[in-house]
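Protein chains in written order, with the numbering used here: chain A, 1 to 419; chain B, 1 to 367.
By construction, these hints were calculated from the structure, which means they are not laboratory data. Certain hints may be false.
Unchecked claim - DSS-like, lysine-lysine: derived pairs with alpha carbons at most 27 Å apart:
| hint | chain 1 | residue 1 | chain 2 | residue 2 |
| --- | --- | --- | --- | --- |
| 1 | A | 345 | A | 285 |
| 2 | B | 287 | A | 395 |
| 3 | A | 200 | B | 88 |
| 4 | B | 267 | B | 362 |
| 5 | B | 267 | A | 388 |
| 6 | A | 293 | B | 91 |
| 7 | B | 287 | A | 380 |
| 8 | B | 91 | A | 202 |
| 9 | A | 200 | B | 322 |
| 10 | A | 403 | B | 88 |
| 11 | B | 322 | A | 380 |
| 12 | A | 296 | B | 362 |
| 13 | B | 88 | A | 202 |
| 14 | B | 322 | B | 362 |
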Amino acid sequence: MSLSKISLRALTRIACRNQAKAFSNDSPTFPGAATSWTEKLEFLTPKTYGPIPVYRVMDRKGNVIHSEQDPKLSEEIITKMYKDMTKLNVMDKILYESQRQGRISFYMTSYGEEATHIGSAAALDLEDLVYGQYRETGVLVWRGFKLSQFMNQCYGNTDDVGKGRQMPVHYGSKDLNFVTISSPLTTQLPQAVGAAYALKGKNRVVICYFGEGAASEGDAHAAFNFAATLDCPVIMFCRNNGYAISTPSREQYAGDGIASRGPGYGIHTLRVDGNDVFAVYNVTKKAKEYALKENKPVIIEALTYRVGHHSTSDDSTAYRPKEEVEHWSKTESPINKLRMHMESKGLWDETKEKAWLEEVKKDVMTSFAAAEKRPKPNWKEMFQDVYKFMPTHLKEQMDQMEKHVEQYKDKYPVKDYAN
Amino acid sequence: MALNKLALNCVLGSEVRVLYNALSKRTHFVYQPDKKAPVDGEKTKMNMFQAINSALDTAMKTDNTAMIFGEDVAFGGVFRCTIGLQQKYGKERVFNTPLCEQGIAGFAIGAANVGATAIAEIQFADYIFPAFDQLVNEAAKCRYRSGDQFNCGSLTVRAPCGAVGHGALYHSQSPEAYFSHTPGLKIVVPRGPIKAKGLLLACVREPDPCIMLEPKTLYRGAVEEVPDADFVSQIGKADILRKGDNLTLIGWGTQVHVLLEVAEMAKEQFGVSCEVIDLVSILPWDKETVCESARRTGRVLIAHEAPLTSGFGAELAATIQKECFLKLEAPVSRVTGFDTPFPHIFEPFYLPDKWRCLQGIKDLIDY
Chain A
1 MSLSKISLRA
11 LTRIACRNQA
21 KAFSNDSPTF
31 PGAATSWTEK
41 LEFLTPKTYG
51 PIPVYRVMDR
61 KGNVIHSEQD
71 PKLSEEIITK
81 MYKDMTKLNV
91 MDKILYESQR
101 QGRISFYMTS
111 YGEEATHIGS
121 AAALDLEDLV
131 YGQYRETGVL
141 VWRGFKLSQF
151 MNQCYGNTDD
161 VGKGRQMPVH
171 YGSKDLNFVT
181 ISSPLTTQLP
191 QAVGAAYALK
201 GKNRVVICYF
211 GEGAASEGDA
221 HAAFNFAATL
231 DCPVIMFCRN
241 NGYAISTPSR
251 EQYAGDGIAS
261 RGPGYGIHTL
271 RVDGNDVFAV
281 YNVTKKAKEY
291 ALKENKPVII
301 EALTYRVGHH
311 STSDDSTAYR
321 PKEEVEHWSK
331 TESPINKLRM
341 HMESKGLWDE
351 TKEKAWLEEV
361 KKDVMTSFAA
371 AEKRPKPNWK
381 EMFQDVYKFM
391 PTHLKEQMDQ
401 MEKHVEQYKD
411 KYPVKDYAN
Chain B
1 MALNKLALNC
11 VLGSEVRVLY
21 NALSKRTHFV
31 YQPDKKAPVD
41 GEKTKMNMFQ
51 AINSALDTAM
61 KTDNTAMIFG
71 EDVAFGGVFR
81 CTIGLQQKYG
91 KERVFNTPLC
101 EQGIAGFAIG
111 AANVGATAIA
121 EIQFADYIFP
131 AFDQLVNEAA
141 KCRYRSGDQF
151 NCGSLTVRAP
161 CGAVGHGALY
171 HSQSPEAYFS
181 HTPGLKIVVP
191 RGPIKAKGLL
201 LACVREPDPC
211 IMLEPKTLYR
221 GAVEEVPDAD
231 FVSQIGKADI
241 LRKGDNLTLI
251 GWGTQVHVLL
261 EVAEMAKEQF
271 GVSCEVIDLV
281 SILPWDKETV
291 CESARRTGRV
301 LIAHEAPLTS
311 GFGAELAATI
321 QKECFLKLEA
331 PVSRVTGFDT
341 PFPHIFEPFY
351 LPDKWRCLQG
361 IKDLIDY
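Can you make the complete structure from the sequences, with help from the hints?
Structure (structure tokens):
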């Protein structure tokens, strides 16, 4: 008999019988857990279970290991994946250098983590809402955020939709359903859960990115538990890149990474090779299907490596060996892996590579130069958007400052700001 | 005493226990109901928890994206504010969350980000601090930092606050000053049922994130005729509850009732005519009403339950001093809780009660 044919009354009868059985046959009846007795006094240890294995599709040479795991993406999609990963890479190089030259105040690269961004973004739809940490620039690249938009934000010029209020790389785009980044770590996790709750039944999922360091914050615990108990269609995507600034993951947690926490919250969990763009694509696709069908959360832990410094304010040679970084940037590069895959299928070659890199470099430089030339927004924008409508006390402060700037205009960089 | 015996006999009857507590409790104020209704029409006699319940009911009825959540709200809430709402609006819209304040606030911000009306409850204002980061760094700054691309304006946080007779350190706090230092938030404190209903509906519909701190001693202790209609009380507007010429008394929440009684005492004992202002809204606050009164009377006393140092009274005093300097006849006075944690058995000596306020008035007159 199929389950659907069992009547509700029968189900209730079964439930009652089971409960009666539980009371009569000496099973535990504690409300806190549905379980069995044991008379063996034994610790449960991390070794009771083996570590969660890492799902991969390609080997280090970019060969698909089991063809049934090949997502069989079109040539167009694969090429876009590669181009977006390299575009992100080129943009990172130029903006990183520009910070070194003092032209922008701050920057954070995505080196080594390109596949986590692109693979997951490709598996979702534009309608799906993204909450990020700060190292998910590739998701925006995939969604079509223009080079000029990245540059405008980093420069905080008149064309920045964020009106120059936040530090560089704190991107956001209403049009692309990418919620504006904020610096406090992990705050976006319970927010993503709340958004997913409110979007339930609208055929959209929410994806929320965070690093393994951020997962130590209390907000991560809050989010996992709320997502599970309130049945929220949210994908919690952890980029475990081995470091939180200088802190190696062994000082961040003692368990089996982040993935092992998922089952503890009652959450379906996947661990994936974050340097394998197809593997990331597959797990995200599956996570979305499950989240939508069941209205439940999924945790994905993508194992990867932070090849670049934490930020432009960090010199990572102070806390990790050069050889380690070299290994990951050469042997385990997600970009190289995809390139080898494409070359073996005849989708890419050295000529294409050269032409593409030249083109994208030119594009980045052009939008960079244009962004640098634009003035900053009118300084009075400082007072807008604190509230929907400006309250009297803020208006007074703005007017006072206007008078002051008028009197002392040679003391302020007025000419750099729009009128 | 009969009641004592009754209470002992019915230790399990919570209603009796509450009644017993209410009758035996030494309250430091006499509730003064609002005489004027803000709108015409039918009225129902309600205490403050019932008025809040009525506001929540109205909010849910008029906005199908509205949802109410927090710890123990499903069965009606530990203060009965959400009673009957889950039955009426379903488990998807009125639900318990896990016991985690930062989660509640973060979840609320996210729901508001996508346009839902999120009405979150923090069980006691004393426990809002785990959510401080979410409220201060996130909710308050969401619109600003995104250049108005994203906001969480449809978010309201409700939290019971203030002295209750025996709440000690963690069931008595008045944390309004912490939040008043946060641009982007709006903060209100009602003085009774009518105000609570109007302010809560205003908060829910305001396009900015709001915190309503509800003096919990008024939940049952304050009863008045509350309009059945759907109405809002303006955020940012103070109420002059008693007109006077010689002295301005400013307070909010329960303290307003202390000040109303003190004003009467001052009139009887010193022949002094006090103006009593309920500030209502902590952020933004009504500078115009306050300063107009201060300029007229020349003497100002501010009273709040929270500690003195950096309490919201300091902000008021500094502004009054700046705006009304030439009209002041005496330094602005503050009668507040002491710079200690909120104590259990010493509560009668801690609160800025009518006698301390009366003495404050005398000192102001004698200055």
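Check: Taking only the CA atoms, is the gap from residue 267 (chain B) to residue 388 (chain A) under or equal to 27 Å?
Finding: violated (44 Å)
Check: residue 88 (chain B) and residue 202 (chain A): Cα distance at most 27 Å?
Finding: Holds, because 23 Å separates the two Cα atoms, which is no more than 27 Å.
Next item on the list: Take a quick look at whether residue 200 (chain A) and residue 322 (chain B) sit within 27 Å of each other, Cα to Cα.
Entry: violated (52 Å)
Margin query: Does residue 285 (chain A) sit within 27 Å of residue 345 (chain A), going by the straight-line distance between their CA atoms?
Written below: holds (23 Å)
Note to self: Can you confirm whether the C-alpha distance between residue 322 (chain B) and residue 362 (chain B) stays at or below 27 Å?
What the structure shows: Holds. Residue 322 (chain B) to residue 362 (chain B) sits at ~24 Å (cutoff 27 Å).
Note to self: Against the 27 Å threshold, does the CA-CA distance of residue 287 (chain B) and residue 380 (chain A) hold or violate the hint?
What the structure shows: Distance ~23 Å between residue 287 (chain B) and residue 380 (chain A) Cα, so the pair holds.
Note to self: Given the hinted pair residue 287 (chain B) and residue 395 (chain A), is their Cα-Cα distance within 27 Å?
What the structure shows: holds (13 Å)
Item checked: residue 293 (chain A) paired with residue 91 (chain B) [C-alpha distance capped at 27 Å] -> Holds, at about 20 Å.
Notebook entry, point to check: Within a Cα-Cα threshold of 27 Å, do residue 403 (chain A) and residue 88 (chain B) meet the stated pairing?
Noted result: violated (56 Å)
Notebook entry, point to check: For the pair supplied as a hint, residue 200 (chain A) and residue 88 (chain B), is the alpha-carbon distance within the 27 Å limit?
Noted result: holds (20 Å)
Note to self: So if I understand the rule, the pair passes when the alpha-carbon distance is 27 Å or less; does residue 322 (chain B) with residue 380 (chain A) pass?
What the structure shows: With a Cα-Cα distance of about 25 Å, the restraint between residue 322 (chain B) and residue 380 (chain A) holds, given a limit of 27 Å.
Notebook entry, point to check: Can the restraint linking residue 267 (chain B) and residue 362 (chain B) be considered satisfied, given a maximum Cα separation of 27 Å?
Noted result: holds (11 Å)
This entry does not satisfy hints 5, 9, 10 and 12, going by the numbered hints stated previously.
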